[in-house]
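So the sequence lines, in the order shown, correspond to chains A and B. According to the working numbering, the residues represented by the first sequence are 3 to 446, in order. According to the working numbering, the residues represented by the second sequence are 127 to 579, in order.
No lab work stands behind these hints, which were simulated from the structure alone. Quick reminder that beta carbons are idealized off the backbone N, C-alpha and C, glycines included. Heads up, some of the hints might be wrong.
A short, non-exhaustive set of chain A residues, derived as facing chain B with CB atoms under 10 Å [as the list claims (entries may be wrong)]: (1) S42; (2) Y203; (3) R298; (4) G318; (5) I319; (6) N322; (7) K325; (8) N328; (9) Y349; (10) W350; (11) E351.
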Amino acid sequence: MHLVIIGNGITGVSCALAVRRLRPGARITLVSAESAHHYSRTALMYVYMGHMRLSDIKPYEDWFWDENRLGLVYATATALNTAEQLVVLNNGTTLRYDALLLATGSESKLGGWPGQHLAGVQGLYGLPDLEAMARDTHGISRGVVVGGGLIGVELAEMLHSRGIEPVVLVREARYWASVLPPEEAHLVDRQFQENRVPVRYHTELREVLGDAQGRVRAVLTTAGEEIACQWVGLAIGVTPNLSLARMGGIDTDRGILVDELLRTSAAQVYAAGDCAQHRQPAAGEVPIEQLWYTGRLQGETVAHTICGQPTRYRRGIWFNSAKFFNLEYQTYGRAPAGPVAGMDHFYWEHPSGRAALRVYFQAAPPHAVAGFNALGLRLRQDVCQQWIRNHTPVAAVMAELGAANFDPEFFPQHEQALVAAFNRQFPQQPVVLKRRKGLRALFG
Amino acid sequence: MSSTRTTPPLPASSPAEKLALSVVAGGLLTLLLALADADPARQQRWFYLALGLLGSGMLAWSWLKYGRHPAGVQQHSLWLRASTSRGAVAWVTGLVLTGFYVVLYWFSNDDGHGHFGPLNNLVHALDGFSRALRARPADQWFLYGTFYTLAVLLMGVRALWKYRHSRYQLIRTASVMFFQLGFAFLLPGLLQFFQQPEFYFTYFWPLKYDYLFPGTVTSLLQKGGLGVFMVFWGAAMSLLATPVLTYFFGKRWYCSWVCGCGGLAETAGDPYRQLADKSRAAWRWEVRIIYPVLVLIVVITVLLWVHFATGSTLLGAAGGVAAKWYGFVIGSVFSGVIGVGFYPIMGARVWCRFGCPMAAYLGLLQKHFSRFRISTNGAQCISCGNCSNVCEMGIDVKQYAQRGEPIIRASCVGCGMCSTACPRGVLNLENGPREGRYQGSQLIHADSLRILS
Ligand SMILES: Cc1cc2nc3c(=O)[nH]c(=O)nc-3n(C[C@H](O)[C@H](O)[C@H](O)COP(=O)(O)OP(=O)(O)OC[C@H]3O[C@@H](n4cnc5c(N)ncnc54)[C@H](O)[C@@H]3O)c2cc1C
Ligand code: SF4
Ligand code: SF4
Numbered sequence: 003m004h005l006v007i008i009g010n011g012i013t014g015v016s017c018a019l020a021v022r023r024l025r026p027g028a029r030i031t032l033v034s035a036e037s038a039h040h041y042s043r044t045a046l047m048y049v050y051m052g053h054m055r056l057s058d059i060k061p062y063e064d065w066f067w068d069e070n071r072l073g074l075v076y077a078t079a080t081a082l083n084t085a086e087q088l089v090v091l092n093n094g095t096t097l098r099y100d101a102l103l104l105a106t107g108s109e110s111k112l113g114g115w116p117g118q119h120l121a122g123v124q125g126l127y128g129l130p131d132l133e134a135m136a137r138d139t140h141g142i143s144r145g146v147v148v149g150g151g152l153i154g155v156e157l158a159e160m161l162h163s164r165g166i167e168p169v170v171l172v173r174e175a176r177y178w179a180s181v182l183p184p185e186e187a188h189l190v191d192r193q194f195q196e197n198r199v200p201v202r203y204h205t206e207l208r209e210v211l212g213d214a215q216g217r218v219r220a221v222l223t224t225a226g227e228e229i230a231c232q233w234v235g236l237a238i239g240v241t242p243n244l245s246l247a248r249m250g251g252i253d254t255d256r257g258i259l260v261d262e263l264l265r266t267s268a269a270q271v272y273a274a275g276d277c278a279q280h281r282q283p284a285a286g287e288v289p290i291e292q293l294w295y296t297g298r299l300q301g302e303t304v305a306h307t308i309c310g311q312p313t314r315y316r317r318g319i320w321f322n323s324a325k326f327f328n329l330e331y332q333t334y335g336r337a338p339a340g341p342v343a344g345m346d347h348f349y350w351e352h353p354s355g356r357a358a359l360r361v362y363f364q365a366a367p368p369h370a371v372a373g374f375n376a377l378g379l380r381l382r383q384d385v386c387q388q389w390i391r392n393h394t395p396v397a398a399v400m401a402e403l404g405a406a407n408f409d410p411e412f413f414p415q416h417e418q419a420l421v422a423a424f425n426r427q428f429p430q431q432p433v434v435l436k437r438r439k440g441l442r443a444l445f446g
Numbered sequence: 127m128s129s130t131r132t133t134p135p136l137p138a139s140s141p142a143e144k145l146a147l148s149v150v151a152g153g154l155l156t157l158l159l160a161l162a163d164a165d166p167a168r169q170q171r172w173f174y175l176a177l178g179l180l181g182s183g184m185l186a187w188s189w190l191k192y193g194r195h196p197a198g199v200q201q202h203s204l205w206l207r208a209s210t211s212r213g214a215v216a217w218v219t220g221l222v223l224t225g226f227y228v229v230l231y232w233f234s235n236d237d238g239h240g241h242f243g244p245l246n247n248l249v250h251a252l253d254g255f256s257r258a259l260r261a262r263p264a265d266q267w268f269l270y271g272t273f274y275t276l277a278v279l280l281m282g283v284r285a286l287w288k289y290r291h292s293r294y295q296l297i298r299t300a301s302v303m304f305f306q307l308g309f310a311f312l313l314p315g316l317l318q319f320f321q322q323p324e325f326y327f328t329y330f331w332p333l334k335y336d337y338l339f340p341g342t343v344t345s346l347l348q349k350g351g352l353g354v355f356m357v358f359w360g361a362a363m364s365l366l367a368t369p370v371l372t373y374f375f376g377k378r379w380y381c382s383w384v385c386g387c388g389g390l391a392e393t394a395g396d397p398y399r400q401l402a403d404k405s406r407a408a409w410r411w412e413v414r415i416i417y418p419v420l421v422l423i424v425v426i427t428v429l430l431w432v433h434f435a436t437g438s439t440l441l442g443a444a445g446g447v448a449a450k451w452y453g454f455v456i457g458s459v460f461s462g463v464i465g466v467g468f469y470p471i472m473g474a475r476v477w478c479r480f481g482c483p484m485a486a487y488l489g490l491l492q493k494h495f496s497r498f499r500i501s502t503n504g505a506q507c508i509s510c511g512n513c514s515n516v517c518e519m520g521i522d523v524k525q526y527a528q529r530g531e532p533i534i535r536a537s538c539v540g541c542g543m544c545s546t547a548c549p550r551g552v553l554n555l556e557n558g559p560r561e562g563r564y565q566g567s568q569l570i571h572a573d574s575l576r577i578l579s
């Protein structure tokens with residue numbers, strides 16, 4: 003079998019590794035236009051900030067691919083013929099496949115603003131963007147970041163690390179309003195303040211203004227403010243990269259349409275990761291998932307189907323994590339940004355504003371736990387997921403909270419304060435702290 | 127993927143930072159004055175002025191650089207600055223350090239008239255302090271010990287500021303500063319003051335290999351009660367306490383909490399931790415070198431004891447010659463010249479990783495008879511590589527984390543930096559039951575490909 007994978011991101015690579023394991027004899031070819039070797043997209047910011055070099059963000063050393071007989075082709079796939087099962091590359095070769103995985107990822111969304119074509123206006127998705135950003139932020143004093151999401155805060159942190167003042171425009175009333183409840187967003191806002199990053203809430207970009215050389219010189223906001231700047235980062239989200247799929251006549255909508263087995267409309271062609279759109283997402287799940295974790299999971303899942311073990315994509319219990327300047331964030335299960343009928347929650351915040359925990363649970367007895375938001379504390383994923391899966395009552399969760407504590411040794415332990423706060427907020431479900439932190443607690 | 131094309135310019139240091147650094151530079155120049163001035167009184171004045179400038183400049187600079195910013199991971203421009211990314215400054219620093227060690231080890235012996243080679247003036251500048259502490263004039267080793275301790279203390283303060291968001295790092299840094307100052311500097315000095323053997327209670331065989339050599343043991347035993355206790359302490363720590371403590375805490379109880387070599391690496395070497403080579407090739411060299419060193423010192427020790435017990439002259443000669451060569455090649459060249467001289471090029475743990483027999487011994491215990499492991503938090507790893515980057519032992523931590531597997535490696539010194547640096551809270555140093563110690567997370571499908579052989 004010859005499996006051709008377009009895209010060497012986490013999705014393509016996860017699929018390749020899983021297929022190698024399931025089918026030791028398969029021929030596997032990974033094609034990528036972006037880089038000769040797989041690298042971690044999530045670590046782009048650290049390269050800009052000088053924490054690491056590009057070679058440090060490669061998840062595998064270069065010998066890995068050869069030793070595991072994974073063929074790498076550094077080229078762009080320019081045409082796809084699904085009838086004859088052929089992929090044409092821009093280096094003049096044509097690959098015949100028995101199975102084809104489209105793992106072409108995303109592209110930065112552009113908002114269609116006047117002036118967005120000016121030099122110094124860009125998104126951040128891949129290596130060319132990183133290069134452009136490094137070049138265009140040379141010696142500048144201010145950059146405007148458009149978008150109050152995860153990439154937005156990363157861009158702000160990147161600029162800040164070079165002594166460039168970032169000004170962040172956020173359309174909503176608070177940071178990442180679609181995901182974070184107000185209290186959590188407020189803690190992120192404190193990070194912005196502490197690092198002296200000005201944020202304009204309720205503010206959108208209206209126009210990018212250029213100078214005579216065609217370079218950005220300022221932005222105009224919907225609030226009517228003109229902000230002088232030498233660089234603009236657009237971080238309003240990403241959109242699936244569909245060019246090859248469209249060329250091959252494969253059904254697309256916003257993404258490449260796939261069924262539960264991650265099959266596209268063409269025989270022997272699969273799609274997974276950022277570029278895929280599920281025709282029928284499971285209840286409560288979104289059709290397009292643009293995360294490192296889901297890319298990995300989809301890649302592994304589709305590998306099974308490709309190897310003759312049809313496997314439905316099941317995302318499982320949601321989880322995600324991020325870091326806002328110095329504030330770590332982890333979330334598990336269902337953690338809506340606003341009130342949801344039938345769901346209640348408990349919130350605790352440390353007086354320092356550097357740690358907080360929100361526990362979501364069903365309003366009806368036995369108050370099964372549904373999700374967690376943790377800021378500035380680390381929670382054990384295995385334990386949280388087990389509680390959520392087993393519908394553990396929130397009182398039991400609070401009593402056993404120490405079992406989920408993943409903070410390093412000697413860190414302050416907040417379980418007692420948490421339980422006390424819980425008992426104040428929910429006196430009808432009195433809790434006695436049973437378990438403090440420790441591995442023993444997990445296995446014992 | 128070339129790295130130059132994405133290299134933005136360094137942000138300029140603030141005028142205050144520049145001022146602090148020039149005070150440090152002034153301190154170094156003043157040290158040269160002390161070295162050059164023949165007048166003993168002025169020597170001493172220059173010397174202490176130099177220490178004052180170095181100390182205050184370093185402290186001021188550390189505060190300006192780390193203390194003023196909000197507490198958190200501060201790694202900006204690490205790989206962009208010449209000093210911390212093997213640039214010209216790093217090579218010069220490496221050469222100066224290496225040169226210092228060469229002069230210290232081979233050209234600074236007392237010529238019999240109290241003259242200590244090129245470092246003579248610096249040594250004598252310390253006579254007063256040495257008399258007060260040890261009731262004897264200074265020698266080149268006292269000068270070295272003073273510099274070493276100052277480096278651990280000053281750079282220790284820098285580390286405290288830099289890592290103040292992590293209590294693990296605060297306590298651990300305070301611990302290495304305490305053991306260096308108290309047990310590796312003041313206490314041996316005081317012992318000498320009271321006419322007792324100069325003994326280091328925090329160094330054990332096989333690192334301090336001669337502590338279990340028959341020669342050292344017999345001479346200590348002749349020194350009366352305290353000498354007997356020292357022999358007992360040395361043997362008990364090497365053979366009893368080491369396995370027990372390592373069983374409970376991993377090798378970190380020693381390597382990154384107590385040991386002086388580790389202490390210097392964790393403080394003065396902190397700017398260089400990212401330079402440790404993470405490649406599989408480097409790992410292979412590590413295994414090829416460090417275990418033979420352990421075997422060598424065990425064999426030499428046994429030889430010497432057999433000779434001692436049987437009086438065989440042949441064994442005695444072989445053991446003696448081997449011990450001498452071991453002392454030269456491993457004790458001086460490897461642990462000193464290469465171990466510290468190459469800090470700015472190969473990272474601060476070259477000796478600990480490739481050469482130290484104590485690390486090899488602790489590592490075997492840690493790998494096979496310990497409750498220690500670094501746990502991985504489910505499937506949260508994003509393969510960003512921050513953990514591997516800061517691992518001074520050159521462990522490619524992310525290889526394990528991205529598979530959801532715990533990290534159980536002989537070489538891990540438990541510095542905790544991987545856990546501190548991880549932006550997703552994935553890693554945690556833990557002591558726990560040995561059952562299931564290798565068990566990975568169920569939340570990630572670890573591929574069974576051969577990554578690490
Ligand atoms: C700056 C940034 C930070 C992020 N941080 C996080 C995070 O912290 N956590 C998280 O969960 N997610 C994060 N994400 C999202 C995450 O990185 C993506 O969801 C994930 O990388 C998608 O993986 P993929 O393999 O599906 O696609 P990609 O990684 O985009 O890989 C697709 C590859 O295919 C190549 N390609 C496309 N078309 C062709 C063609 N025709 N021929 C050849 N090659 C082609 C592309 O060049 C690209 O290299 C971040 C994303 C960005 C941009
Ligand atoms: S693995 Fe982590 S704790 Fe161990 S030596 Fe490396 S950085 Fe330190
Ligand atoms: S363990 Fe943490 S630091 Fe290491 S690669 Fe994973 S996310 Fe990055």
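These are the hints, each one checked on the structure:
Restraint check, A/S42 versus chain B: the minimum CB separation of about 4 Å is within 10 Å; hint holds. Checking A/Y203 against chain B by beta carbon gives a least distance of about 21 Å; that is not within 10 Å, so the hint is violated. Contact between A/R298 and chain B, as hinted, is supported at the beta carbon level, the nearest pair being about 8 Å apart and thus within 10 Å. Residue-level restraint check for A/G318 holds (minimum Cβ-Cβ distance to chain B is 8 Å; threshold 10 Å).
At a threshold of 10 Å, the smallest CB-CB gap from A/I319 to chain B is about 9 Å, leaving the interface hint in force. Because the closest C-beta pair between A/N322 and chain B is about 9 Å apart, less than 10 Å, the hint holds. Look at A/K325: its Cβ gets to within about 4 Å of chain B, closer than 10 Å, so that hint holds up. Taking 10 Å as the C-beta contact cut-off toward chain B, the hint placing A/N328 at the interface holds, the least distance being around 3 Å.
Hint status for A/Y349 relative to chain B: violated, with the closest Cβ pair at about 20 Å, above 10 Å. Interface hint at A/W350: violated, since its Cβ lies 18 Å from the closest Cβ of chain B, which is beyond the 10 Å cut-off. Taken as an interface hint, A/E351 does not check out: its beta carbon lies about 18 Å from the nearest beta carbon of chain B, beyond 10 Å.
The structure fails hints 2, 9, 10, 11 (numbered hints given earlier, in ascending order).
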